[in-house]
Amino acid sequence: MTAGAALALVVLIVLPLLWLLRGSIAGPDGITLDHFARAFSNRLYLGALLNSLQLGGWTALFSVLIGVPMAWAVTRTDLPAKSFVKLTASLAYLSPPFLLAVAYVNLFSPNAGIVNAFLRDALGLPWLTFNVFSMAGMVLVTVTHTFPFVYLLSHSALGSVDASFEESAEILGAGKLRTALSITFPLVAPAILAGTLIGFVNAIALFGSQAIIGLPARIFTLPTRIYSLFDFPPQYGLASALSLILVAITVVALTLQRAYLARRSYVTVAGKGVRASVVLLGPARWPLFAFCALIFVLAILLPYGALVAVSLSKSWGLAFWQNLTLANYRFVLFEYDVTQRAILNSLGLAALAASLCALIGALIGWIDLRTRLPGRRVLDYVSLIPLGLPGIVMAVALLQFWLATPVPLYGTLASLLLAYTARYLPLGVRAANAGLRQIDPSLEESARMLGAGWGLTLREVTLPLIRPSLFAGWLLVFVPSIQELSASILLFSSSTITLAVAVYNLYENGSNEAVAALSIINMAIIGAAIALANRLSRNAAATSGAAQT
Amino acid sequence: MRADIRIAGLSKHYGAAENLAAVDNLSLTIGEGRFVTLLGPSGCGKTTTLRLIAGYIRPDRGTIHHGEMLLSSPETAVPTERRGMGMVFQNYAVWPHKTVFENVVFGLKVRKVPSAEARRRVEAVLALVHLEGLERRFPNELSGGQQQRVALARSLVVEPRVLLLDEPLSNLDAKLRERMRGELKALQRRTGITFIYVTHDQAEALALSDGIAVLDKGRLQQFGTPREVYTRPANRMVADFMGLVNLLPARVERDGTVRAGALALRIALPSGIAPGDAVDLAIRPESIRLAPVPAGDGAVPARIEETSYLGNLGEYQVSLADGTRLRVQTAALADFAIGSTVALSVDAGQASVFRKD
Chain A
36 MTAGAALALV VLIVLPLLWL LRGSIAGPDG ITLDHFARAF SNRLYLGALL NSLQLGGWTA
96 LFSVLIGVPM AWAVTRTDLP AKSFVKLTAS LAYLSPPFLL AVAYVNLFSP NAGIVNAFLR
156 DALGLPWLTF NVFSMAGMVL VTVTHTFPFV YLLSHSALGS VDASFEESAE ILGAGKLRTA
216 LSITFPLVAP AILAGTLIGF VNAIALFGSQ AIIGLPARIF TLPTRIYSLF DFPPQYGLAS
276 ALSLILVAIT VVALTLQRAY LARRSYVTVA GKGVRASVVL LGPARWPLFA FCALIFVLAI
336 LLPYGALVAV SLSKSWGLAF WQNLTLANYR FVLFEYDVTQ RAILNSLGLA ALAASLCALI
396 GALIGWIDLR TRLPGRRVLD YVSLIPLGLP GIVMAVALLQ FWLATPVPLY GTLASLLLAY
456 TARYLPLGVR AANAGLRQID PSLEESARML GAGWGLTLRE VTLPLIRPSL FAGWLLVFVP
516 SIQELSASIL LFSSSTITLA VAVYNLYENG SNEAVAALSI INMAIIGAAI ALANRLSRNA
576 AATSGAAQT
Chain B
27 MRADIRIAGL SKHYGAAENL AAVDNLSLTI GEGRFVTLLG PSGCGKTTTL RLIAGYIRPD
87 RGTIHHGEML LSSPETAVPT ERRGMGMVFQ NYAVWPHKTV FENVVFGLKV RKVPSAEARR
147 RVEAVLALVH LEGLERRFPN ELSGGQQQRV ALARSLVVEP RVLLLDEPLS NLDAKLRERM
207 RGELKALQRR TGITFIYVTH DQAEALALSD GIAVLDKGRL QQFGTPREVY TRPANRMVAD
267 FMGLVNLLPA RVERDGTVRA GALALRIALP SGIAPGDAVD LAIRPESIRL APVPAGDGAV
327 PARIEETSYL GNLGEYQVSL ADGTRLRVQT AALADFAIGS TVALSVDAGQ ASVFRKD
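The listed protein sequences derive, respectively, from chains A and B. Sequential numbering of the first sequence, starting at 36, is according to the working numbering. Sequential numbering of the second sequence, starting at 27, is according to the working numbering.
FYI, nobody ran anything at the bench for these hints, they're computed from the structure. Remember, it's a predicted structure, so these values are computed and weren't measured experimentally. Mixed in with the good hints there might be a few duds.
What the hints assert, rightly or not - For lysine to any residue, the following SDA-like pairs were computed, each having C-alpha atoms within a straight-line distance of at most 25 Å:
(1) Lys117(A) to Ala198(A)
(2) Lys124(B) to Tyr295(A)
(3) Lys211(A) to Gly110(B)
(4) Lys138(B) to Phe220(A)
(5) Lys138(B) to Val104(B)
(6) Lys135(B) to Ala294(A)
(7) Lys211(A) to Lys382(B)
(8) Lys211(A) to Pro165(B)
(9) Lys211(A) to Pro140(B)
(10) Lys135(B) to Ala198(A)
(11) Lys124(B) to Ala198(A)
(12) Lys211(A) to Arg187(B)
(13) Lys211(A) to Met95(B)
(14) Lys211(A) to Val136(B)
(15) Lys211(A) to Ser141(B)
(16) Lys243(B) to Arg310(A)
(17) Lys124(B) to Ala294(A)
(18) Lys211(A) to Ala198(A)
(19) Lys211(A) to Arg108(B)
(20) Lys211(A) to Pro105(B)
(21) Lys211(A) to His123(B)
(22) Lys382(B) to Phe249(B)
(23) Lys138(B) to Arg310(A)
(24) Lys138(B) to Arg213(A)
(25) Lys211(A) to Val188(B)
(26) Lys211(A) to Thr73(B)
(27) Lys135(B) to Pro221(A)
(28) Lys124(B) to Ala215(A)
(29) Lys124(B) to Arg213(A)
(30) Lys211(A) to Ala103(B)
(31) Lys211(A) to Gly69(B)
(32) Lys211(A) to Arg77(B)
Unchecked claim - Here are the computed distance ranges between Cβ atoms for each label pair:
(33) Gln473(A) to Gly375(B): 52 to 60 Å
(34) Leu336(A) to Lys138(B): 47 to 55 Å
(35) Ser196(B) to Leu478(A): 29 to 37 Å
Heads up, the beta-carbon is just placed ideally off N, CA and C, and yes, glycines get one too.
So here's chain B without its partners, still in its complex pose:
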């Protein structure tokens, strides 16, 4: 059997009140060598889950296995220092009293690696994260991005089988974040280490992950590939969290058409939703097309209320005849004036329907 991380029925409560669950009955299998992201708003339980996997805290219920080995249960827990994992913290936690070399070599010293070999391995890992020649610097002489790399190198040098990353890019500026994103992904491919990554940034999760686990209020909302959670969100929360979305109250008609005011879409209905049900219709701004009138089949007239130019995109606020407001993103080439009437059509294959909460 492969060394997957298997989480089963995991719960963790803080404080006395039972309803204050940080993690609530979470089950998740993270395949060996995968890049899996725990995604959700602050307080959703993603960091608690990560700290449970690291062994800093012990679950109230449920188990965590690594391959065949039981890591955590309410009764027993393998101590953090014997889990053979690595962790990169949001604040990097690079020790300010140690040089870059001393920071990185620490894990090897603990493992009693002979000093010649340790030196060779530190040099190799520093080359991997592009920090050659900075061995003797102290952390306060490094930029944020460089400290971030030291933290990575320090975790990677001991060749962990699992690397835990707790919002490692959130303290970097936008440009650097973009670059480190690419490097992290390449690093994960090259090393084959299982990455478990925590973030609240859905764009980051989409760009990096093989799998995304969306959490909210301690519960798993959806676990799937980036494409699945973006295009086929399991519920309203996931749809809303994964990016801009128009959420419209709608009703399923007898023939299975989903109708929201003037809009009528033929959508494959998820199981459990039947004709007559009140539902939420979720449409991403980019799956709406605008065209000059007159237009073809299925298009409805809409009026341009507001436009903004985003460089690579054009964004419009439009209103339908029944007053419904929609946000639309189109290629920047299209250019409609405020007040003009356009023909609006929706790519039904990209729209989703949820039962009303």
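Pulled out of the complex, with its shape left as it was, chain A reads as follows:
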């Protein structure tokens, strides 16, 4: 079993990474640093690097400016409609950024964007229009996806600082502001920083939004530059070098986060029975609510409203009500064989990848936590490496590895399955790990004491108890797999096209209305999966809850 897990990790992660390294330093005659030299000297690539950093920086900043006040408002104030604010953050977290980009283009493209057209033609306010094809547009679209990272981590940190920490400062004579600045903020700063760095890492790795907004604006970033290097003839060496630079930025950010967290993590200091202090804002809660509502409008209402409206239009424009049709749905669901194939491919791939990740994750988690095998820590560590690998980097690595082997994987669904499984394996491992940690080993030891072998124990005790966690892991993998674009865009062929790639291609061909319909179908699949999961996990909790307490 250990050998199986180790083999899976080697094939999925270690070997492709080695080939990526090899590709970045392989020249016509032996080892060379030419690719890196070109990456750092050519204005095209240096510019892409700077744009990526700029995008990441702005995105991180605005994620903090949105996520922290929202988290504070929900955890520490008498803000009205808190569940609505929480829902906003969850929905924004689930929204695929490339769909948000498509939606924002429909709203704010310089000429046809409906908001711009409305401001310019109907209201006569051309100076109020906003061109989405800009760095600002790219940041706006990315932030609507990344602010939930800051929000979620700040939320849990603010909710776990016991009120007594703040009350101690107050009784010593510190006012509200001083208490906030010298006690509360330092206590939650590590969590905010962690969320910010995760937001940064995500922002620079997103291919779809950067391509959809950046390419028309001629703003290239590392992922879009890497993508363009695969135009014929593909330049593997340079693509590998750029990929490693992207990985380096990611790894530095994630290492910073880990190092800082390890040094000072205060979040769980108070332990059980945490009571968060709540500020009664009175009338001041309404401006704060307006701020949260604005985020809802920008992150949810406008983009999804636009997608729904476009998907129901014969052609997108101000004369919306004269134009209603369901033809776009009929087209993508029943008439166009490419989108039909894409939907089926994505469903199958996501289900398989999720199952593989849950299985391998359970195996690795079990080896790590329940055995004394040498090397079990390495196994766990290697399985988390993909967290630092942007999707397009994974694709560049896999492509080179599989091209070097005699197995004809290129252009098959199997290559996509391997890419998804490798990319999202950390989610499966984390979920299984969390599940196993919740189960006291004595539950398994009791079974052994009663004479059950380890196989029977696993089947009768362990697996039933961690089933909810495994299922949560399955869903965690299924949702991003359905909408995977960054790796698929380099690995697909016409017969293995996926949902996200179909959206992207239709968009490139200018079929706006079909894109919108397909986007809505994409979101419907995700929504159905989550609703199903909620229902199943509620049932599972009812049956296994008694066993865990």
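Assemble the complex: chain A is given as a structure, and chain B must be docked to it using the hints.
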């Protein structure tokens, strides 16, 4: 006038329902420089009372004065940060991101004390709580007892006139708790600060306090010295809460004797109880004596049903002729076998009588 804490008619409700009173019409005067404990089971309102005094919450009715100054009323409240009090929390609330020195100096910084003087005062207070030399440590490098002392030092360094303590010893192990108890009491004597102490541990309250206020369901049950609340409990709840007690249904006879089955005791009756009344008789296990038969006046025969050896004490379950079971604690020297018959007598001066609830 001295700076007493005077609580008058204080009420605080949580939630909409009027009957959910956390504190209900509480009146209490805590003298300056006293060590007063608010004692009661969980949910009795003791912590709410403390938080009302600290000013974290505002009362629904009633007032709190500190000397002549009105601290809290439903309409106005002096903000917590201007009450000049100190508070020690159950979880210590030592700030994990600050060193010991930074924790302790915080209150002085807020008061803009010059840094040289602040340093001197921090050192002095750390010496007072025996934490010399740990200034640069972070809280996660300290034991629970040491964190407890940091919390104390942090409150004491600003020389508060009132120190509020919310179950400060309940997270320590038994041995350390005992030692900190002694230190707290000595500290209070030395500093002369008014201590208001919240606990649910009646032994702790007895050992520490000048005065104990027993609370139950938000209401004050009794306020008196430790000796008073232990030996002269005002009602059945106080008697039960203050330690082990035998509670027997009894009746007052015409001559004023209190009779519970075979037991008849002559007890000074509290006002409001007259001959013929049904009452509860409360007898502490240690005010019952056992002797080998035959014994003298007033003794009744009893049978030893169960014994346990507690080291410093011997404990017996005995039954009287009418079936009444009593718990008895004696000096460990006495040694009666199960099944043997003994002569049982009660120190009537230590027994109490309450009207039936």
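Here is what the structure says about each hint:
In summary, the hint linking Lys117(A) to Ala198(A) is supported, as the alpha carbons are separated by about 20 Å, within the 25 Å threshold. Of the pairs offered as hints, the one joining Lys124(B) and Tyr295(A) holds, with about 16 Å between alpha carbons and a cut-off of 25 Å not exceeded. A distance of roughly 16 Å separates the Cα atoms of Lys211(A) and Gly110(B); the hinted pair therefore holds under the 25 Å criterion. For a cut-off of 25 Å, the pair hint linking Lys138(B) to Phe220(A) stands: about 22 Å separates their Cα positions.
At most 25 Å may separate the alpha-carbon atoms for a hinted pair to count; Lys138(B) and Val104(B) meet this at roughly 21 Å. Between Lys135(B) and Ala294(A), the direct Cα distance comes to roughly 31 Å. Violation of the 25 Å bound is thereby established for this hinted pair. With a C-alpha separation of about 51 Å, the suggested pair Lys211(A) and Lys382(B) falls outside the 25 Å cut-off, and the hint is violated. Restraint check for Lys211(A) and Pro165(B): satisfied, since their Cα atoms lie roughly 24 Å apart, inside the 25 Å limit.
Of the pairs offered as hints, the one joining Lys211(A) and Pro140(B) holds, with about 23 Å between alpha carbons and a cut-off of 25 Å not exceeded. Taking the CA atoms of Lys135(B) and Ala198(A), the gap is about 21 Å. The hint holds against a cut of 25 Å. Pair hint Lys124(B) plus Ala198(A) holds up; C-alpha atoms about 17 Å apart against a cutoff of 25 Å. Distance hint between Lys211(A) and Arg187(B) is fulfilled; the C-alpha atoms sit about 22 Å from each other, no more than 25 Å.
The suggested pairing of Lys211(A) with Met95(B) holds, with an alpha-carbon distance near 23 Å, which does not exceed 25 Å. Between Lys211(A) and Val136(B), the direct Cα distance comes to roughly 12 Å. Compliance with the 25 Å bound is thereby established for this hinted pair. For a cut-off of 25 Å, the pair hint linking Lys211(A) to Ser141(B) stands: about 23 Å separates their Cα positions. Of the supplied pair hints, the one linking Lys243(B) and Arg310(A) holds, its CA atoms being roughly 22 Å apart against a limit of 25 Å.
In summary, the hint linking Lys124(B) to Ala294(A) is supported, as the alpha carbons are separated by about 19 Å, within the 25 Å threshold. At most 25 Å may separate the alpha-carbon atoms for a hinted pair to count; Lys211(A) and Ala198(A) meet this at roughly 13 Å. Note on Lys211(A) and Arg108(B): the hinted pairing holds, with a Cα-Cα distance of about 12 Å set against a maximum of 25 Å. For the hint pairing Lys211(A) with Pro105(B), the CA-to-CA distance comes to about 10 Å; that is within 25 Å, so the pair holds.
Restraint check for Lys211(A) and His123(B): satisfied, since their Cα atoms lie roughly 19 Å apart, inside the 25 Å limit. Simply put, Lys382(B) and Phe249(B) have alpha-carbon atoms about 21 Å apart, close enough for the 25 Å limit, and the pair holds. At most 25 Å may separate the alpha-carbon atoms for a hinted pair to count; Lys138(B) and Arg310(A) exceed this at roughly 30 Å. Taking the CA atoms of Lys138(B) and Arg213(A), the gap is about 13 Å. The hint holds against a cut of 25 Å.
About 22 Å separates the Cα atoms of Lys211(A) and Val188(B), which keeps this hinted pair within 25 Å; it holds. A C-alpha spacing of about 22 Å is found between Lys211(A) and Thr73(B), which places the hinted pair at or below 25 Å, so the restraint holds. Annotation: proposed proximity of Lys135(B) to Pro221(A) holds, straight-line Cα distance about 17 Å (limit 25 Å). Distance restraint check for Lys124(B) and Ala215(A): the Cα-Cα separation of roughly 15 Å lies within the 25 Å cut-off, and the hinted pair is therefore satisfied.
Annotation: proposed proximity of Lys124(B) to Arg213(A) holds, straight-line Cα distance about 15 Å (limit 25 Å). Restraint check: the Cα-Cα separation between Lys211(A) and Ala103(B) comes to about 16 Å, which is no more than 25 Å; the hinted pair holds. Distance check on the hinted pair: Lys211(A) and Gly69(B) sit about 29 Å apart at the alpha-carbon level, beyond 25 Å; violated. For the hint pairing Lys211(A) with Arg77(B), the CA-to-CA distance comes to about 17 Å; that is within 25 Å, so the pair holds.
At about 58 Å, the CB distance of Gln473(A) to Gly375(B) agrees with the hint of 52 to 60 Å. Between Leu336(A) and Lys138(B), the C-beta spacing of about 50 Å keeps the proposed range 47 to 55 Å intact. Taking the beta carbon of each, Ser196(B) and Leu478(A) are about 31 Å apart, inside 29 to 37 Å as hinted.
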